[in-house]
Structure formats: structure tokens, C-alpha cells
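Novice: So you can see what is in the structure, the chains are spelled out below.
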Amino acid sequence: MTAAAPATVAVHVLLFASYAERLGFESLELRLPASETVAGVVERIRALPGGNGLPIQPLCAVNLTHVPLEYPVTAGDEIAILPPLAGG
Amino acid sequence: MTAAAPATVAVHVLLFASYAERLGFESLELRLPASETVAGVVERIRALPGGNGLPIQPLCAVNLTHVPLEYPVTAGDEIAILPPLAGG
Amino acid sequence: MPVLTSTRIDVTALLGSVQSPARGGIASFVGVVRDHHGGRAVARLAYSAYAPMVEAECARIIFEAQRRWPVAVALRHRIGCLEVGDVAIVVAVGAAHRDAAFEACRFVVDEVKLRAPIWKQESYVDGGVGWVEPAAVEPRIPAESAR
Amino acid sequence: MPVLTSTRIDVTALLGSVQSPARGGIASFVGVVRDHHGGRAVARLAYSAYAPMVEAECARIIFEAQRRWPVAVALRHRIGCLEVGDVAIVVAVGAAHRDAAFEACRFVVDEVKLRAPIWKQESYVDGGVGWVEPAAVEPRIPAESAR
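Chains as they are written, first to last, in the numbering used here: chain G, 1 to 88; chain L, 1001 to 1088; chain A, 2001 to 2147; chain B, 3001 to 3147.
There may be inaccurate statements among the hints.
[Unchecked claim] Result set (DMTMM-like, lysine to aspartate or glutamate): computed pairs, CA atoms no more than 25 angstroms apart in a straight line: (1) A/K2113 with L/E1026; (2) B/K3113 with B/E3103; (3) A/K2113 with B/D3099; (4) B/K3113 with A/D2086; (5) A/K2113 with B/E3103; (6) B/K3113 with G/E26; (7) B/K3113 with A/E2103; (8) B/K3113 with G/E21; (9) B/K3113 with G/E78; (10) B/K3113 with B/E3083; (11) A/K2113 with L/E1029; (12) A/K2113 with L/E1078; (13) A/K2113 with A/D2086.
Quick caveat, the hints were computed from the structure, so don't treat them as lab data.
All figures in this text were calculated on a predicted structure; none of them were measured in a lab.
Using the sequences and the hints given, assemble the complete structure.
Specialist: Shown next as C-alpha cells:
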């Protein structure tokens, strides 16, 4: 038996408003190692062209709910990186 | 010289709502000794027929302003004895 | 505009009257005649008032609110006969920021209930009538009262 | 009804929707587009949103309000292009008593501003545009979040 190749999961990443403007896109499919966290997703997005304009610790949501950056991601998650909220 | 007759003042007394119902009138001219207080006015109104249904210390106003019972009355004052307020 | 009115209160117009390009937050309170009071079914009611004092006292309340917060205030109270569901009081407050709007609106509603000489006689579905006498709270009497 | 709408918000209809014969107090907040922000004259603005999350988060906010107070809540937020003076948000809360109405209304307004993923781009009279970024406050993350 050989060691199993590290499992990966696919997630959907969404950007909005000023963040979407900086990076030039609003959504992205991303493959990640299993057991990655939201912070790891943010790190990958910040490594893209224009991504260093995002804060290291932005506001994030997973599947329509605010989550902390240590939140684990799983296959199929919708991960949103949110600029400062300005409703109302 | 003889002693001056005690000075008196005339005031207008107003009753409202349940108090006007109890006493059967809404306004009354009253002559009082000078240097009387609102409490003295209330005492006189409570001595009228139906007047003992009023509290000893009702809410009172003089010239459109809430006042304490010790408030002095002067000639021409409009003194209102107010049932519990129920606006809004 | 006087506070007291014997005709239907136009809520939308009052909300509009406290708005301006610089005032982005409008807090309001609308009080409506309820169908029950103290366990009895209310059919309709009649508000009466010591009208000149209501106007004077409400002017003082609005003045006090505007000394505390930078706000525009509109206040109407209906008198006469009202049915269940009719609007009895409207307080609308416009401000640049919502904190001031909310706080001033709450202040004006509370002070009007505590200080405005207005009385309410309810007619019950079972046929009786009764004066509403809230647990008689002493209105705060300002130190510099009357004169 | 969804919270987000791209057409004019009917304030009167929302106030009416939280009223009932048993709910005599209606507190509301109306937020209107102001003509200035940060010292610059605003000509118009555009609200955008992460719409499915706005609906989910606002449903949670209303649920939280109704666990704390016995209230009916109506909430609308406009998106798209707005002019100065247009209504951007309305929160209307009906309750039997005014304390609950005021407190729940304030709660819902505060939580929407803190938690609903909505963004605002202002167009200034002098020609520029800018994203409004309030001093970034961390929204409270519920302990039992997401799943």
C-alpha cells in the first residue's frame, strides 16, 4: 500500500464591493487541502494579483453565516470575504 | 388707624374629566385670603358637594404649569386640578 | 402646528416634516387604540384635554428635547372619539444620527404621557364606560416652575 | 417578504403591517440618504449586497428580537441607485407596550447595521466616488455559528 494522496476539497469563494474591485473578480472555485480554515482561504486570496489590498483578518462568512477566521472549511462551502459593512 | 381688613384674591379653578363629573362643574371663581397656597384651594374644593371623591393631594397646575401643592396663588391665577393623566 | 387635533393624524406627513437633506435618521412612535384594557374589551374611547396646557407643556417638552439632542420633532395627539385601531399619538424625530433620533423620540413619548393633561374615557363592548387612571405617577415638577 | 428591494419602500404599508388590535405601540426607524458624508457633498449612492446572506442574517436578527420581546417586526432595505432623500431602510416594530416596541426597534436597526452584508458606494457632487467603510467593527459571531 502507498500513502494516500492528501485529500483536497473544492470551495466557492465570493468577493464583494471594494474587494471584488481590487481583485477583478466576484467568485472563484478553489481547491484546498482538507482540514483547511477560513484563514487559509484568505491567505490564498491575498496572494493573488491585487489581493494584498485586503486586510489580513477580513470579515468572513461561510454558508451565509458570520464565522471566525479559525473556522474549518469543508467541501462545497461558500466562503465570502466581506468588506466593512455599510448598510442602513 | 384700624387694622386693615384681610386682603383677598380672586382665582379661577378648573376641573377636568372624572373630577368635573364628581363635582358637577368644570370651572369656578374662588375668593381666597392673600398668601394662600394651591393646597388651600384643593381643601376648599374638597369641601364642596362631591369633593371628597378627590384625593387630598391631587396633581395641580397653575397658569398651565405643573406645580407642587405648596405653590402660592396670586390674584387672577388659573388653578387646574388634574385627574391622573392618560394621554398617549 | 398645534399638538392636539380632532381629525385623523397623517403619519406620513409628520415623518416627512422632520426629514431634511442633513437629517438621515427618523425615529417615530405611533400609538394606536387597543381592543383591550385591564382585561375588558374596548369598543371605542374619548380623549379629552386641558388644551392650552397641553400645548404649553408639549412645547416645553420639545424645547427640553432640543436642548439635549440636535433634532427636529413633530408631535400630534388626537382628541375626541376614537375607534379601535385609530392613531392616538404620533411622535416623529429627525436627526443626523440614529442615536439622537431614538433617544429623543423615546424621551418625548415618555414625557408626554407623564406630563400632558389628557384624559381617556373608554367605552367597553359589554356596555360600561370608565376613566382610565394609570397608577398615578407624580409628574416631575421643574424647580423653576410657573414663574 | 424579502428584506431587500430595488424599488421605493412604502413606509405607511410597513407601519400598518405590524399593527393589530392587540398591538397599540409602533416604533419605527426610517433611514434616508443624507446629502453629506465625511465633509463631502453626496449626489447619489448605490447599495449592493450579498443578498442571500442578508436575508438569512436578517431572519436571524428578527428571530432574536422576537425571543426577547413580544413584537411584530417589518424590515426593508433598498439596494441599487438612490438619490439624496430616498428611504434606504425601514424598521417597524409593533407591540402591546411601547417599551418593547422601542427596544426591539433599536435592537433590529443596530444589528442590521452591524451584521447585514450590505455596501454603499457614494457619488460626490465634485465628481468622485467612494466606498463607505465605517470604522470596521467586528460583528458579534454567535457561539453556535454556521453549523
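Novice: Within a Cα-Cα threshold of 25 angstroms, do B/K3113 and B/E3103 meet the stated pairing?
Specialist: 16 angstroms, holds
Novice: Would the pair A/K2113 and A/D2086 pass a check requiring their Cα atoms to be no farther apart than 25 angstroms?
Specialist: Given that 25 angstroms is the threshold and the Cα spacing comes to 18 angstroms, the pair holds.
Novice: B/K3113 and A/E2103: Cα distance at most 25 angstroms?
Specialist: 18 angstroms, holds
Novice: CA of A/K2113 to CA of B/E3103, is that 25 angstroms or under?
Specialist: Roughly 18 angstroms between the alpha carbons, so the hint for A/K2113 and B/E3103 holds.
Novice: Take a quick look at whether B/K3113 and B/E3083 sit within 25 angstroms of each other, Cα to Cα.
Specialist: 20 angstroms, holds
Novice: Are B/K3113 and G/E21 close enough, with their CA atoms no more than 25 angstroms apart?
Specialist: Between B/K3113 and G/E21 the Cα gap is close to 22 angstroms, so the pair holds against 25 angstroms.
Novice: Could you grab the alpha-carbon distance between A/K2113 and L/E1078 and see if it respects the 25 angstroms cut-off?
Specialist: 22 angstroms, holds
Novice: Holds or violated: A/K2113 with L/E1026, Cα cutoff 25 angstroms?
Specialist: Satisfied, since the Cα-Cα distance of roughly 23 angstroms is no more than 25 angstroms.
Novice: Would the hint linking A/K2113 and B/D3099 be met if the CA-CA limit is 25 angstroms?
Specialist: 13 angstroms, holds
Novice: Checking one constraint from the list: CA of B/K3113 to CA of G/E26, max 25 angstroms. Satisfied?
Specialist: At roughly 23 angstroms apart (the allowed maximum being 25 angstroms), G/E26 and B/K3113 satisfy the hint.
Novice: Verify the proposed pairing of B/K3113 with A/D2086, using a straight-line Cα cut of 25 angstroms.
Specialist: The given pair, whose Cα atoms are some 32 angstroms apart, is violated under the 25 angstroms limit.
Novice: Below or equal to 25 angstroms on CA atoms is what counts here, so check B/K3113 against G/E78.
Specialist: 22 angstroms, holds
Hint violations for this structure: numbers 4, 11, all remaining hints satisfied.
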